[in-house]
Amino acid sequence: MNIYDIILKKIKEVRMETGDDEPVSNISASSMLTAEITLISSLLIGVLLLRHLNTTLMLVLIVLIFVMVFYAMPIMPRLKREQNDSLASMNFYVIIALGIIVTLFFWGRF
Amino acid sequence: MNLPNLLIPLMVIIPITCALFLNLLHEKSRTVKAISMVVAIAIPIIPLLANYGVQFFGGYPPLIQNPSIATGLPEIITNTALYSFHPAITYVFGSAQRLMVFILGMVALFVIFISLYEVKKPSGVYIYLILMGTASIFAMLLSDDIFNLYVFFEIAALAQVGIVLVSKVKGNYETALQYMIVGSIAAPMLLLGIALLLGVTGNVNISDIVFSIKTGLVDPHSPVLLMACALIIFGWLYGTGLPPFHTIKSAMYSKALPTGAAVLQAFSVFSLVALGVIIIRIFSYLPFAHVFIVAISLIAMVLGITMAITQTDFKRLIGYLAVGELGYIGIGLGLGTTLSITAGLFQAVNEAVITAFLFIGFGTIMYKTKETDMRKLGGMLLQTPKSALLVLLAGLALAGVPPFNAFQSKLMLVQSSLNAGFPEIAIIMVLLSIVTFMTFMRAFHTIYLRPKPAALEIKNEKIPNVTIIAMVIFLGICLVFGLYPQLATNMLQGLAISIS
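Order-wise, the sequence lines are chains V and X.
Just so we're aligned: the first sequence equals residues 1 to 110 in my numbering.
Just so we're aligned: the second sequence equals residues 1 to 500 in my numbering.
No lab work stands behind these hints, which were simulated from the structure alone.
These figures come from a predicted structure and were not determined experimentally.
Any given hint could be a false lead.
[To be verified] For each label pair, taking beta carbons as the anchor points, the in silico distance ranges come out as:
{"id": "1", "chain 1": "V", "residue 1": "L59", "chain 2": "X", "residue 2": "N79", "range": "55 to 65 Å"}
{"id": "2", "chain 1": "X", "residue 1": "M441", "chain 2": "V", "residue 2": "N84", "range": "25 to 35 Å"}
{"id": "3", "chain 1": "V", "residue 1": "W107", "chain 2": "X", "residue 2": "I77", "range": "54 to 64 Å"}
{"id": "4", "chain 1": "V", "residue 1": "V69", "chain 2": "X", "residue 2": "G58", "range": "35 to 45 Å"}
{"id": "5", "chain 1": "X", "residue 1": "V151", "chain 2": "V", "residue 2": "G99", "range": "21 to 31 Å"}
{"id": "6", "chain 1": "X", "residue 1": "I469", "chain 2": "V", "residue 2": "G99", "range": "47 to 57 Å"}
{"id": "7", "chain 1": "X", "residue 1": "I13", "chain 2": "V", "residue 2": "K12", "range": "48 to 58 Å"}
Don't be surprised by glycine CBs; every beta carbon is placed ideally from N, CA and C.
Using the sequences and the hints given, assemble the complete structure.
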């Protein structure tokens, strides 16, 4: 099964879960594929920024991301499912973000 | 010389007063129309006529500027920092504020005119909300008092909820309620951050807070101050729609009318600038504050643009693209150099114009078909050829294609990230601009170029001339700032130098 077929299958799964009956078109599959490539490439380039902090950490994270991406692909359908309009999901991420920000600034003492 | 300039407070007072008045007149269509037009024209003109200066509300200038008041006061005031503190709420109007207030005023002007012409009975309530929101953002841009800024931040948030509530778009009530609930978590955190800042420095005037930190009157690494920084940044994320608030912000845009979405995104852009500049001014001594702003901006860009690609609703698509574009502004502010901050502010001005241009342009499709689902649209080029051409040019401007304005600001951002030693950020910005272009072209092809679906019903009504005129003027602004970027950058550079 090639990557296009995997993405198509995943979109159908997400559509079934969200109760969307519309057929999966070429446009939606190719959009998802573009988003997937954009996300992964941006992530990998972004991790390169860690070289300013520690080169070893950067290398470890790049390898880790490669491995995670290999096993978790396609990421975009899952990400889209998470970025939904449900209040519970929004509140969850808002609280998590607040926790992370406060932890980094308060206990990080940067 | 700090001569009082009456036009500085009038930038805020006129729209608020007229908003309150219009709200009372919402059944009287002709009067609403006449007053709205006059106020809408006045809003962008006032900043052009006003002189640069400082306005003190409810008090007097610092004693250091007026020693005659200080005569006879005890030494505990005249021999300490109190002598230079600002006892009044201070509004500062410089060249950067002039440009940003003017641009927001232009967006509000056309949004008001279009909404007056696109509906048969203009609603005083809708114009009231637009004017209240606009006045609040003006105040946020001008205020040098962080508590005063918070008050207007809340008024702007409520006005945004109101703009969505009156839209009559399916699902608008739910989205507006969600925004309020999420806001009820984030906005008190911002207020708590301000309270902590007040507790540590004993001051709400931003210049005085910066003075206290820089001169060692307070410990810059006090844990309370660090906590204040974290909470204010969290509130900033909510006000601007940066992650984790990108989902609700894009939903707000998609549940508003096109005119409402145009003004809402301008509110977000200038809220980002107003609060972002304050965060940089106060907390620039914390390297992590810069790192965090850059990191969250990169996340916003990647999430906004990748989510935009997968959307089927064109308003939601532009909403996500608008969130992604906010990331460029954040990167400019976060890098913290004079060039990057100038580029970030320039990008803010450009984005406010281009995204309003796009929302209004795509709004013509909604006007003709009442449809926003791209899967049900097609063949609109034959129906609306003029607006199709204008929308195409707006999309090219958004993606940063020369000779438009965003090309200049994005090029400056790329240069500034290279100069700062971060080529990775420059690569991501270029990559995401290409993807933005692709995403826009996909939407354009789907709506305008592919054959019209048989089930699509198109209203046989001409698009109001005012809508086309607004788009042409937005295009003109894009071209002028694209060909002569120094017109904007010269005005923004002073603010950038003062905070870098």
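Verification of the supplied hints:
no.: 1; hint: L59/V - N79/X: 55 to 65 Å; in the structure: holds, 58 Å
no.: 2; hint: M441/X - N84/V: 25 to 35 Å; in the structure: holds, 26 Å
no.: 3; hint: W107/V - I77/X: 54 to 64 Å; in the structure: violated, 39 Å
no.: 4; hint: V69/V - G58/X: 35 to 45 Å; in the structure: violated, 57 Å
no.: 5; hint: V151/X - G99/V: 21 to 31 Å; in the structure: holds, 27 Å
no.: 6; hint: I469/X - G99/V: 47 to 57 Å; in the structure: holds, 49 Å
no.: 7; hint: I13/X - K12/V: 48 to 58 Å; in the structure: holds, 57 Å
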